[in-house]
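Protein chains: 4
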Amino acid sequence: MKGFLAVYTLLLMSVGVMAQHTHGNGLAHSHTYTRVIDFPDTEEYLTLACDFHIHTVFSDGSVWPDIRIQEALRDSVDVVAMTEHLEYQPHADDIPHPDRNRSHHIATESAANTDMLVIQGAEITRSMPPGHSNAIFIEDANALLIEDSLAVFEEANRQGAFTFWNHPNWTAQRPDGVATLTPFHEYLIANDLLHGIEVVNDLTISEEALQIALDNDLTIMGTSDIHGLVDYQYGIAEGGHRPVTLVMAAARTPEAIKEALVAGRTVAWFENTLVGRAEHLGPIVRASLDIIDASYGDDTAVAEISITNASNAEYLLENIGAYSFQSDLGLVRVPPHGRTTISVMTGEVLDSFELRFRVLNAVTAPKERLEIGHTVTVD
Amino acid sequence: MKGFLAVYTLLLMSVGVMAQHTHGNGLAHSHTYTRVIDFPDTEEYLTLACDFHIHTVFSDGSVWPDIRIQEALRDSVDVVAMTEHLEYQPHADDIPHPDRNRSHHIATESAANTDMLVIQGAEITRSMPPGHSNAIFIEDANALLIEDSLAVFEEANRQGAFTFWNHPNWTAQRPDGVATLTPFHEYLIANDLLHGIEVVNDLTISEEALQIALDNDLTIMGTSDIHGLVDYQYGIAEGGHRPVTLVMAAARTPEAIKEALVAGRTVAWFENTLVGRAEHLGPIVRASLDIIDASYGDDTAVAEISITNASNAEYLLENIGAYSFQSDLGLVRVPPHGRTTISVMTGEVLDSFELRFRVLNAVTAPKERLEIGHTVTVD
Amino acid sequence: MKGFLAVYTLLLMSVGVMAQHTHGNGLAHSHTYTRVIDFPDTEEYLTLACDFHIHTVFSDGSVWPDIRIQEALRDSVDVVAMTEHLEYQPHADDIPHPDRNRSHHIATESAANTDMLVIQGAEITRSMPPGHSNAIFIEDANALLIEDSLAVFEEANRQGAFTFWNHPNWTAQRPDGVATLTPFHEYLIANDLLHGIEVVNDLTISEEALQIALDNDLTIMGTSDIHGLVDYQYGIAEGGHRPVTLVMAAARTPEAIKEALVAGRTVAWFENTLVGRAEHLGPIVRASLDIIDASYGDDTAVAEISITNASNAEYLLENIGAYSFQSDLGLVRVPPHGRTTISVMTGEVLDSFELRFRVLNAVTAPKERLEIGHTVTVD
Amino acid sequence: MKGFLAVYTLLLMSVGVMAQHTHGNGLAHSHTYTRVIDFPDTEEYLTLACDFHIHTVFSDGSVWPDIRIQEALRDSVDVVAMTEHLEYQPHADDIPHPDRNRSHHIATESAANTDMLVIQGAEITRSMPPGHSNAIFIEDANALLIEDSLAVFEEANRQGAFTFWNHPNWTAQRPDGVATLTPFHEYLIANDLLHGIEVVNDLTISEEALQIALDNDLTIMGTSDIHGLVDYQYGIAEGGHRPVTLVMAAARTPEAIKEALVAGRTVAWFENTLVGRAEHLGPIVRASLDIIDASYGDDTAVAEISITNASNAEYLLENIGAYSFQSDLGLVRVPPHGRTTISVMTGEVLDSFELRFRVLNAVTAPKERLEIGHTVTVD
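Residue numbers (UniProt numbering), protein chains in the order written: chain A, 1 to 379; chain B, 1 to 379; chain C, 1 to 379; chain D, 1 to 379.
What the hints contain is simulated information worked out from the structure, not anything from laboratory work.
The structure displayed is predicted, hence computed values, not measured ones.
Using N, Cα and C, we set each Cβ at its ideal position, and we do this for glycine too.
Do not rely on the hints blindly, as some may be mistaken.
Heads up, simulated DMTMM-like pairs for lysine to aspartate or glutamate below, C-alpha to C-alpha not over 25 Å straight-line [stated by the list, open to error]: (1) C:K258 to C:D41; (2) A:K367 to C:E354; (3) B:K367 to D:D202; (4) C:K367 to A:E371; (5) B:K367 to D:E354; (6) C:K367 to A:D202.
Cβ pair distances, simulated, as ranges [stated by the list, open to error]: (7) D:Y88 to B:D41: 50 to 58 Å; (8) D:D293 to C:I292: 34 to 42 Å; (9) A:P366 to D:Q233: 42 to 50 Å; (10) C:Y232 to D:A250: 54 to 62 Å.
Assemble the whole structure, with the sequences as input and the hints as a guide.
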């Protein structure tokens, strides 16, 4: 009797989703989400979810490359790169003398008939300095089997690679976990041989790496560095997700993605934290959040508004504007793909007014959060 | 980046739903449903969810009538009747000498501006025989305050009431719980003064009451008889629902509903069991279930088909047809508002074939289940 | 007060519970909680969940008082007061001339054989000033039916009442929603006739009321002011909860609770926000959080520690200590009755070290959050 | 074998679990389960969950053997065998000339320091007849690289193998999906060279294979035949599970498991169906179900009893005893690791009485279900 068209539509999509609507600083309500990583495009760019650090049995990973494509399809990751260790081949007894491009080729075949992009890459695996680095957008990984550390960066760049420093906070190479530039890195950067740095790697995030990126104009990267299964490592069944780099690209092409990486237009997405320069993070957050349904109750000067969220992040907004709220004490949570209603005490009835928030889960520099403003127009 | 229009639509509806897709005799997967009671209309009739046995503070219930309307709106119950005990008024100290129509009038006001129908009713509350009975579609409950048990049925019928015997299996009046006709009931039935019987009341269901209904041409009724809160009594938050009578009515009007009740076109919906005469249960089950996407795999004689379910019931289907399945050993579960895929071994590739099931959760008589057939046309 | 034993008991009772374990600044994972309101006792006091503002059919509520006891039992609320409007009796046609103590007496009977305490109360219902106020711990509500507003406060205090100002931010009485003291209130406070103020009422919270409480030494109160059903108003099935006042009492007795209220030992619990003076909020937060399993990884100076949470609040901790973390950029979430693991970069291996957090969901004054420190001892 | 202790441990591990309690023929309530496969031991034997058909990159699977151990640990599978195709090596370009025991050896290393047993196996991969078969408990897979199909069975048996026919219903070898013995199979069976048959393989179950097992005294087997990821293939996150063989073994040793297989003491567990000979299925079902808390209500002859379920199966019980129930019309569902309360109308108050059920999800032969009786003693 009752219309369930919407439900039926969803059913056919076989996609589980439960909408959320909280009120002010609410407890996150129980919900079920798909694992889909989903951030909106900005006005200028496509927002592409990219994982540029992935291993398979062709170095020290535990799966065939086809599984990496299946995982990425389930996560709605748009772009991947298999980045096998060039120099570390623990499965060599079983997979002897592999072509260092083999993993990329199998992954590319597995991704045929999908719209996933597979970028050719490799991991340059050295003791510190320079530690580990990835080269992506390369032409031939075999040509990177060069003993001298500087020469391998030169060859990667000769191939047109975008290179980035992996897990500079790795305790196996930095026991204190503090990402720190070495003279070798400074040389690479000065000579435009190193272009990015992992601020996020697997289960870790590095404030010091973020500072290095900002100080040296390096692209901010977030990667999974997955060796086992994505589902196990990130608790996908419990709502977790792999870290990715959100790349703001002019098109869904390798060229456009590389251009964006070189230009530094990235945001790393780690657990519930977005990390990026304000000029990149701002557009993504603003594209995620919208304010709808602003109206005053009868005979009141309290405006009720709804903030919607078109992204996977749960935004934590600290009120830094002129007005206090009736719905909370200035900490507003907007659930992923949900919305929150807040009540703003504007003193008198206004046609429009200004809200201002510090976005606590959007980090632009160590200890600094993105600030956003929004002019609310009353309906 | 990804299309989430469907999700956004659902979001605005603030309705939680998680689609289910199982395979053959699958474990029920974890899911979240709305509390909405939802059975499809049949080809001939509307399927209306009705609760004709409800109490408030105006007899021995614990809520004001407005709560009964809120509960029913949340349950998507289409039709309710407040049926206060005429003779049992434990709140008389606080609510003295009440107008016996008062509860109905408040409920009617509360339901204004909704499409819920509120039918006037009362509970005739006697020791056995005749025990308790409801009269609905009455004109004035006060006029039913008559000492003689027969006279009250006559007056109710004079007002045009549809009457039914409440909880004939109630252990307070039948310690063994076995519904049994008395000569008084036989007289009422013989003289067309009693028209229905509760096969389902609250948390109980009665095989013997079902047999009495079938033997005496009484309408099969299922009601909540709620006194406290529906949410607590039926574990709504955990996925439970109140029992209702599904009335197959020609229109969404009191007249059409009464006509359907008098004609006996009802099915009781209790936990996961549907109880009704085959001629009424069949159309509802057939409207609930559909078979889509029938096709043979390449070079096989095994047809894969999907059975969809447009209702709240989880159908349990026992295969009684000519073919065995690859997907299960003949017990198929079709989740509520979900679907199940089965694989049928038809021996050779056929253009169409016949499936036949016993519907284990659709009861037509004691120990008897509805049987349905379906001709599958291969795409 | 209830602690994890209650949770374990619940498990054995076959009531759902799902513990959470997140990692740093994680997304809240999907989970199912009981509705039980549960904050630990502090070293000095019992922490009692109290709702001192409740209506029934005996004023303008929609349920009999027994439902209020059932709701409170399900919420694990320790103490309730029925606070019917003395002067506003919209059900007077049906419930004429009620004894103003009647609601309290029925509730008390309903709570017999439970360990719930029912405190006698009433709501003094006036236009502004002074607006609405509750008097609890009274002897006879009928004696408060006095026309003069001052006289009713005097009589309540003569009876030994604890009185508090209800919803000072109510837009029906303050269209701008801004809680503001009037001279009448100042008189009441100066003469010790008014002792508390609702910082939290139903779905609203008031920064200005909090400031008034701090400036005037009034007890901070949070109440539901429930008229309909708690389950509907607060979305209990979706994980919501009613607002309560956490009272820090020396014993589970009316006398001890009143003593605590007079002494101002309260914290209001609203959605995910705790509001109270630092000297009260601090002990509750510290009793909620514990640090366990601190250890350094082999050959690293990064300490991994687990923060456990024995309460219903999801704590949002901002790192304001000396060390940065590998697990997040300084925003740590500790899920309700769950735990979070963080990695602390202490520079070198230490036997013990100091962590310091701002607790973003624990508000001590407008724009001010509780700060806590914890010395971690490495295992 | 694992019992509730495992669940309790899981709780302490902060892994979600939600117990279920339904009432009669209830809708399955929303719930979250761990993926743990858990059936109780019987009075005589341990009940071990075994998966004897598994592939890795060493034949045509997509993961390294270590992932198979991780999956099995998460599923609480007690015993596994890697069964690589001897003759089908699609990864030979990358993994040339592998030792056919290599997969087993890596898996064994990965399972060190766990209590999982890894049994050595291989898949004999032929066209029909005899199709594919597994040999487990072998000594050297390389010695099975023999061209003649009969000779390979003879060699496997010389090594002491237990052998079974894989997916006799596979449409690639039997387009109609109907398992059918060939003369070659009859020869193998007659000469004790073939000992079991897969009634369950991956997503399929075969009534005809069950009949072949019963007619020829073959051991009933259920296996995953996993090539990709268990989590994806069986919808683990949505509550699914891999098929397994429950082996009733005298000890948790390879010898005892082999003895049980040779003796035919197995039950296959597929979706929600258990398949086995009545003498094996009966003890497992009886160990799963218990009746507790039988008592009559005051002044009634209706006994209320609780049926508990210590297993992963949701039991569907059809009442075939002498008494009807008040709680349902004879179809009782007992949720996994939950319980159900039913009300039995025994006519008069009895000290003890007999219940009898057909277990609809426990299949002993085509179209035949296990029947169980239970004497209820009233407390």
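Hint check results:
For a cut-off of 25 Å, the pair hint linking C:K258 to C:D41 stands: about 17 Å separates their Cα positions. Between A:K367 and C:E354, the direct Cα distance comes to roughly 19 Å. Compliance with the 25 Å bound is thereby established for this hinted pair. Distance hint between B:K367 and D:D202 is unfulfilled; the C-alpha atoms sit about 35 Å from each other, more than 25 Å. For the given pair, C:K367 sits about 17 Å from A:E371 by alpha-carbon distance, which is consistent with the 25 Å threshold.
Restraint check for B:K367 and D:E354: satisfied, since their Cα atoms lie roughly 19 Å apart, inside the 25 Å limit. Proposed proximity of C:K367 and A:D202 is contradicted: the alpha carbons are some 35 Å apart, above 25 Å. A beta carbon spacing of about 54 Å between D:Y88 and B:D41 agrees with the range 50 to 58 Å that was offered as a hint. Our hint of 34 to 42 Å for D:D293 and C:I292 holds, since their Cβ atoms are close to 38 Å apart.
For the pair A:P366 and D:Q233, the beta carbons lie near 44 Å from each other, so the given range of 42 to 50 Å is met. Separated by about 57 Å at the C-beta atoms, C:Y232 and D:A250 satisfy the suggested range of 54 to 62 Å.
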